[in-house]
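Trainee: Chains as they are written, first to last, in the numbering used here: chain A, 1 to 122; chain B, 1001 to 1110.
What the hints contain is simulated information worked out from the structure, not anything from laboratory work. You can take every hint at face value.
Simulated coverage check for chain A against chain B, where a stretch passes if three residues somewhere in it have a Cβ under 8 angstroms from a Cβ of chain B:
1. 52-61
2. 113-119
Taking lysine to aspartate or glutamate pairs in the EDC-like style, the calculated list, with each CA pair at most 16 angstroms apart, reads:
3. Lys1046(B) <-> Asp110(A)
4. Lys1046(B) <-> Glu46(A)
5. Lys57(A) <-> Asp104(A)
6. Lys1106(B) <-> Glu1084(B)
7. Lys1046(B) <-> Asp1083(B)
8. Lys43(A) <-> Glu89(A)
The beta-carbon is built from N, C-alpha and C at its ideal position, and this holds for glycine as well.
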Amino acid sequence: QVQLVESGGGVVPPGGSLRLSCAASGFTFTRLGMHWARQAPAKGLEWVAYIRYDGSKTLYSDSVRGRFTISRDNSNNKLYLQMNSLRAEDTAMYYCAKDASYGDYVSYFDYWGQGDLVTVSS
Amino acid sequence: QSVLTQPPSASGTPGQRVSISCSGSTSNIGSNVVNWYQQLPGMAPKLLIYNTNQRPSGVPDRFSGSKSGASASLAIRGLQSEDEADYYCAGWDGSLNGVVFGGGTKLTVL
Chain A
1 QVQLVESGGG VVPPGGSLRL SCAASGFTFT RLGMHWARQA PAKGLEWVAY
51 IRYDGSKTLY SDSVRGRFTI SRDNSNNKLY LQMNSLRAED TAMYYCAKDA
101 SYGDYVSYFD YWGQGDLVTV SS
Chain B
1001 QSVLTQPPSA SGTPGQRVSI SCSGSTSNIG SNVVNWYQQL PGMAPKLLIY
1051 NTNQRPSGVP DRFSGSKSGA SASLAIRGLQ SEDEADYYCA GWDGSLNGVV
1101 FGGGTKLTVL
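Work the whole structure out from these sequences, hints included.
Mentor: This is how it looks when you write it as C-alpha cells:
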C-alpha cells in the first residue's frame, strides 16, 4: 500500500533553514509527480510546490518561490523540501502528497502523508 | 484570502442531504476539473472526489460532486455522524500556474 512518511520538522528561528524529507513506498515513485502542501494552525490547506516525476520541472506558490526548493532522489524514493529564510507565517504542518497523473501535468493528490510540524519562532 | 471561495461552515442532521459550494473563476474551476478532500479531526486530508465527479475506491456513493461554469458543489446525502469533518475544494489555476484550494468548510452533524 502507498506510504508517505515526512520527517525533518522542528523549531527554527526566523531567518533560519530546515529540510523536510518524505520517504515514499508502495508505488512506482519514479513515474509520478509529487507535491508539498501545508496547513497553518487552525487554518486551511495551501499548496506549496510540485516536482515532475523526473525532477525536470518544478512549480511553486507565490508565497514560497525563491525561498523554498523542492527536489527528489529517485534512487532512494525520497522527496525533499529545502526551506530557507523562514518566517513566522511558514509555521505549519507540512504534508507530502502523491500526484495521481502519469503524465506531464498536475492532476490531484491521491495520497497524503501524515504531516510534519514546522514551527518558526525565536 | 483563498482563490476558491467556500462557506466556512455547514450543518445538517443525520439522514439529511447537505451541499457545500466552491466558487472560483475562469482560470480555475471554469476551465479545469475540481477535486474535493475530506479532513477528519486531527487527521491528514484524504481524497474524496476527483475530476469533478469521480469517487475513489472506498468512498461511499453518498458523496457526489458537480460543476457548473466557475462553481462546483459537493453533495452528501444520508448524512452520518462520521461525515463531520473539514471539506476542501481544489484545482489547477492556469493564471497562477499552480494548485489552489478553497478555504475549507467545517461540516457539523447536529
